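With the hints as extra help, turn the sequences into a complete structure.
Here is how the chains run, residue by residue.
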Amino acid sequence: MKLAGKKRIWADYQKEIPQDNYFYVRSCIRQNFFPASEVTFLRILRQELGKDIYEHIHHTTCSGIGYHSDVIPLETTMTVVARQFALMTEAGYENYACSCITSFGLYSEILETWKHFPEVLEKVRRDLKAATGREFEVPKHLAHASDIIYKMRHEIASRARYKLVNRYTGQPLRVVEHIGCHYSKMFPSKGVGGAEYPYVLAGMVEAWGGEVVDYPERRHCCGFGFRQYLVQANRGYSVANTQKKFESMAPFKPDMIITNCPGCPYFLDRWQYVIAEMEGKTYGENGFGIPVFTYEEVAGLVLGYDPWDLGLQVHQTAVEPILDKMGVAYNPEKKYLGKDGQNLGHPETPAYSKVY
Amino acid sequence: MATDGQKKVVVIGGGIAGMEAAAQLARMGYDTTIVEKQARTGGNVANWDHLFPEGRLAGEVVQQLYQKLSPVRIITGSSVKKADMLEGQYILTLADGSVLTTDALVVSTGFRTFDAHRKEEYGYGIYDRVITSADLEGMLNEHQPLFPGRHKGPRRVAFIHCVGSRDEKVGNRYCSKACCAMAVKQASKVKELYPDAEVYCFYMDLRMFDRRYEQMYLDAQAKSGVNFIRGRLSEASEDLQGRLVIKAEDTLMSKPLKMTVDMLVLMVGMEPASGARSVAEMLKIPVGHDGFFNATNELLEANCSGTPGVFLAGTCTGPKTIPETIADARAAATAADAYLRKKS
Amino acid sequence: MFRERFSYDPLVLPFLLGLIFIVTYLALGAIRMIKNLPAEDKIRLGKSFFSKQILLSIREIFNECLLHLRIFKKNPVLGYMHMSIALGWFMMIVLAHVEVKLYAPSRFNLPYYPIFFRYFVRETQETLDGAVFFFLMDFFLLMVLSGVGIAMYKRFNSKATGLRRTTRLKWNDRIALYALWSIFPLRLLAESFTSGISGGSFLTRGFGMVFETFVSNDLHVRPTWWAYSLALGTFFFTLPFSRFMHIPTEMLLILFRNAGIKHRTTGTGIAQTEIYSCSRCGICIDACQMVSAARLENKATVYFIRELREGGRHNAWDMASACLMCRRCVEACPVKIESTLIRSALRQDWKMLRREPLSFLPVNHTGPARVIYFAGCMSHLTPGIEQSMVRIFEKTGTDFTFMDREGGICCGRPMMLAGETRAARELIDRNKKIILHSGADTLVTSCPICYRVFAEEYQLPLKVQHHSQFILQMMEQGKISPEFREGTRVVYHDPCELGRNSGIYEEPRKVIAAMARIEPVAEEREMGLCCGGHVGSISLTHHQRRRIAVQACNILLAPSPDAIVTACPLCKKTLMDATAEVPVVDIAQMVDNPELLRKHPNPVLQ
Amino acid sequence: MAVQFGYSINKSNTIDMDTAPRAMESYLLLHEPSFARCIGCGCCTATCSSGVFTQLNLRQIQLRIRRGETQGLLPEIQKCMLCGKCQMVCPRGVSTRNVVLSIQRALQLLS
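Protein chains in written order, with our numbering: chain A, 1 to 356; chain B, 1 to 344; chain C, 1 to 606; chain D, 1 to 111.
Treat the hints loosely; a few may be bogus.
To be verified - The calculated lysine to any residue pairs, modelled on SDA-like cross-linking and capped at a C-alpha distance of 20 Å, are: (1) A:244 to D:60; (2) A:115 to A:141; (3) A:253 to B:240; (4) B:247 to D:111; (5) D:11 to A:141; (6) A:354 to D:4; (7) D:11 to A:240; (8) B:255 to D:14; (9) B:284 to B:274; (10) B:8 to B:75; (11) B:223 to B:75; (12) A:253 to A:159; (13) C:395 to C:367.
Hints are computed from structural coordinates only; laboratory data are not their basis.
Given the structure is predicted, the values throughout are model-derived calculations rather than measurements.
Here it is as structure tokens:
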């Protein structure tokens, strides 16, 4: 491996990420999967970094899930997206920041389409006007939320309480970075570091003291694949893809996985449980799985936020081994307590997956 | 050297096309000068080890061409920066400020190999054991071991055809013509040097068009034991041992295929030489979308640029094999001769 | 009555021991071979001893084992060589015994006595009464010696005896051969040296007198008789391990054959007898096109059989799988060893994996019609033949149905040739159902490979015809009458399966002769050439096959014909691929469209 | 299994050349060297007499052996009637009949 070669590519794929004043849109499914991640993002930007970041109450789905599941045509999707842009325009923002990778990919696709086919843009403007009476401006910048954390990675590092370092050995933690397919595979130039060797998460890992693991199936999809998961009969295909990744990364003995997509952490996390239950196979140390995090969670951990405030208790693959390795203080007693201190109940103990 | 009344020809580019054209023009009695950007003549061919189909040594072939250049003036390490037409003559200003006048020009700017970095997914420049066909020629030429200090046991090598050719993604729709035969040649060579090695060629189509090439292909299969897999490489990655895991579809099996190899050779295609565009602008030579020069009539006037007195030779008009390049260079010299005779 | 010098001498021991050994060995061997016969064949053999078959056998044994008439027919020099040694030696033995019976009846029961008679007795008035014996013994000794002389010369210069190649011998054969060669010169020496004492005739007496002029004969008597006895002993001891085993075995083989014992699939019984009957004369080497064209000398039948005899099953399998099964070697073989049947048997011996029934093959009925036409797989690669046949059927108003128009089940012969008898049987059963269901009274096929299996294995209650036979029949009935093309000269290529292996030589020739002049070819009819395409071979490479095809073409084209006519789709296609000089036309196409006989108009190809 | 998921993990259909069994390929290359000459043109399959009735595909069988995908080969290869048409049409001169027979032998020896 020649790092210089990667740096050369990273240098080729740099995008302009705005410094401040973001119009933030949430993901549909993250609310359910890892609900604390988006909250953490806002907390970091507003409280740690003092940025102006605005959310609109009337924001809806971008309809990407429908689009990628072949149930909504692109023109409809475009009009829905145009409405989000109208909300941004009405709120006086120009920098559009989204939480969801699929949304990001879809926005990139739509913006690129409009650039090459202005007549489509005009039609969408007419359609939106006719349907809602709204008008919109095309965002000046489109950023994925991970782009913003990437941009702020050194500032975060400067405030870090913990580093991605194994406190027992002093060695950097070995981190697998998994990029959502829709981040840059379609438009390499829209992602930090391009499509083949994306740097957006690798940059965070490096800044926070970790070591990135490059393994053969790095580029492979997490297995979500929309239709492949949505239909129960197809789930064997979904989990097979996840398994392929784990089989490929396991020899590298990674400590953790960091992701920047709503679906990926969910599937990399849950499918480890399913593989363990079906085949009795686990991929981490001591019979545990490999803990999977969103970049917001990792940022929160680095900044010293309480793991339970980061929502790490909803992870199916136990996160405690990595918390211990990093030396993150946590109270096991409080793991399943709600915000108001009420006991939320303890999940059932699985047969094979090892949990705390 | 020039005698009075002797007409002058300048050849831009001293690769094998330029060398052959210059030698022919000098033989016809013209005062001929080669302007070569690099420090030596021979162009890309001088970088090769041996040449298909019969395995002649590239160095010897270039040397044979060079031996015919004694009456030719060779300016190396320089390039034409400016060209002005004055009374039927061209006045060329070179990089060092010197000026040449000439009655005709043969443009033989040739090709450069595709920059394999641009196929990022193949990991050239990132993974240690990914090399290009040009690199392999260099290694063979210098008798470098292909698998230095690696683990024992049989080694595996994969040759990837069409890297930078027939690929809209890098803007090269055309076939580079010589790489299929070159891959088969190199694959056979690797088997000859390392009989235990497993050698694979990943091809899209095998374009073995010459009467000798199919025999090369057959020998590679039947005698050397080279394996052929129809499918284009999708991506390469490194495993824990630093070997390369490559993925492709075996299209004849309709199944994805992966294998771990010790060396990945990217058969880089031909692109117009880096200075070709400026020469084209200077001399008003029409250029195709792919950057290669367009002759006035690709069938019957394949060496005519459309600009009076400017003739095209070799791979500046598109990928060619060596014999085609030599034939083309001679044709360009003949066309220039016809022009100069008519002019006088 | 006569003056006996000795009645015993240790010098008879090598001979005597050898004789005891060989007689025991042969007796046991014969018993083993007979034991190996299947039960019904044993009964057949037993019955044959009490019928006129035994007389036939005796005659054949006399003709072939002594006179070697078949070799004579093939090659008179070789024939003489074999006859002189075999008959000469036989006569010497017989005469010696007669002599002993006449002059020393009391010694007749000593088995060595007749052989060393000349050594034991002294010439007397009484023995001189039998001067004719002296003459005859010398005469036959000379005869044998002339044969041995030819044999020696042949070893060093095979072409002189009409053989391009002679068998490469192994050490065991060489010892036996040199022992055999030395027997008769030694006998001559020994007798010459004793001729002064025991008598002799023109040869021995003559030599004895010459020798006497410069050596002392007496001193040489014992050493030469010792040497003679040793040569005999050596020969007897090495015989079972050498090619000369054919001498006794062939007699057994003749008995077996005349008893009607047929080849079975097991590779034992008669096959084993045949293997031992091979004299390694090497006539088959020249007949084999794998040798002459594809330069695969070691694949020749003589070596294949030797390999089998010496237990090299693996190599033998290799040799068996290469063979095209054209049967030219069988045709050439003086012993008529059915080596292709032995090869077939060996191919079957390679047990294939369990085979699932070929139930996926449908039985697609066709007809009813009077004639059922089976083009054959290979004819689908030469659609011109099929089209021509269809037109001929239509033109002759034949009520026919085309059994495999849309592709059919293979006739089964290729399977059989590969040793897959059971699977072949399945194919046969399916096709048979279709054929019988059609209600036809005649089955016509375009492919001689199919023809042979239809005729030999299907046991169909209807007439099986190759299309050349059908066409001839139509011509004879006046339903088609092709015009004779004045000036057109063609050659006819006998397909192996149609000619040599099915005996159909004349019908195609008659059809062709009605349309063009047939030029004779150097090798035709029984010794017709194989085109090299035969499915009989399993392992022959494309290049080796092509060499055979080119060889066949060269011989066929020697008379500069306008076209090569053949009667087999496989031959046609193979020869076509090997020559561009003249058109290669099937007989059916020729009848349907005589224009095809015109030489290629393309001068480049000529 | 503790939990009933209603699905199971799909097996990969990727050809993994690192683990593919190559014994049969080696056997064929040794015993019928013309096997190496195949260019996958498919003439054999197109002309196949058995192909009229079955899915017998010699081109693919050849490839399967080269990629170690030899499971279930026996019933496939036994669909061949050995008629020899494929051998007649093969542009590369592969002795296809011996390929078929050698595959059967290899299956026997390697089983």
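Here is what the structure says about each hint:
For the given pair, residue 244 (chain A) sits about 27 Å from residue 60 (chain D) by alpha-carbon distance, which is inconsistent with the 20 Å threshold. This hinted pair checks out: residue 115 (chain A) and residue 141 (chain A) have alpha carbons roughly 14 Å apart, not beyond 20 Å. Of the supplied pair hints, the one linking residue 253 (chain A) and residue 240 (chain B) holds, its CA atoms being roughly 10 Å apart against a limit of 20 Å. Between residue 247 (chain B) and residue 111 (chain D) the CA atoms are separated by roughly 30 Å; this puts the pair beyond 20 Å, and the hint is violated.
The straight-line distance between the Cα atoms of residue 11 (chain D) and residue 141 (chain A) is roughly 43 Å, outside the 20 Å bound, and the hint therefore fails. Restraint check: the Cα-Cα separation between residue 354 (chain A) and residue 4 (chain D) comes to about 19 Å, which is no more than 20 Å; the hinted pair holds. Annotation: proposed proximity of residue 11 (chain D) to residue 240 (chain A) holds, straight-line Cα distance about 7 Å (limit 20 Å). As the CA atoms of residue 255 (chain B) and residue 14 (chain D) are separated by approximately 6 Å, the hinted pair is consistent with the 20 Å bound.
Annotation: proposed proximity of residue 284 (chain B) to residue 274 (chain B) holds, straight-line Cα distance about 17 Å (limit 20 Å). With a C-alpha separation of about 15 Å, the suggested pairing of residue 8 (chain B) with residue 75 (chain B) holds against the 20 Å cut-off. Under the criterion of a C-alpha separation no larger than 20 Å, the hint pairing residue 223 (chain B) with residue 75 (chain B) is inconsistent with the structure, at around 45 Å. The suggested pairing of residue 253 (chain A) with residue 159 (chain A) is violated, with an alpha-carbon distance near 29 Å, which exceeds 20 Å.
This hinted pair checks out: residue 395 (chain C) and residue 367 (chain C) have alpha carbons roughly 19 Å apart, not beyond 20 Å.
Consistency with the previously given hints fails for numbers 1, 4, 5, 11 and 12, ordered from lowest to highest.
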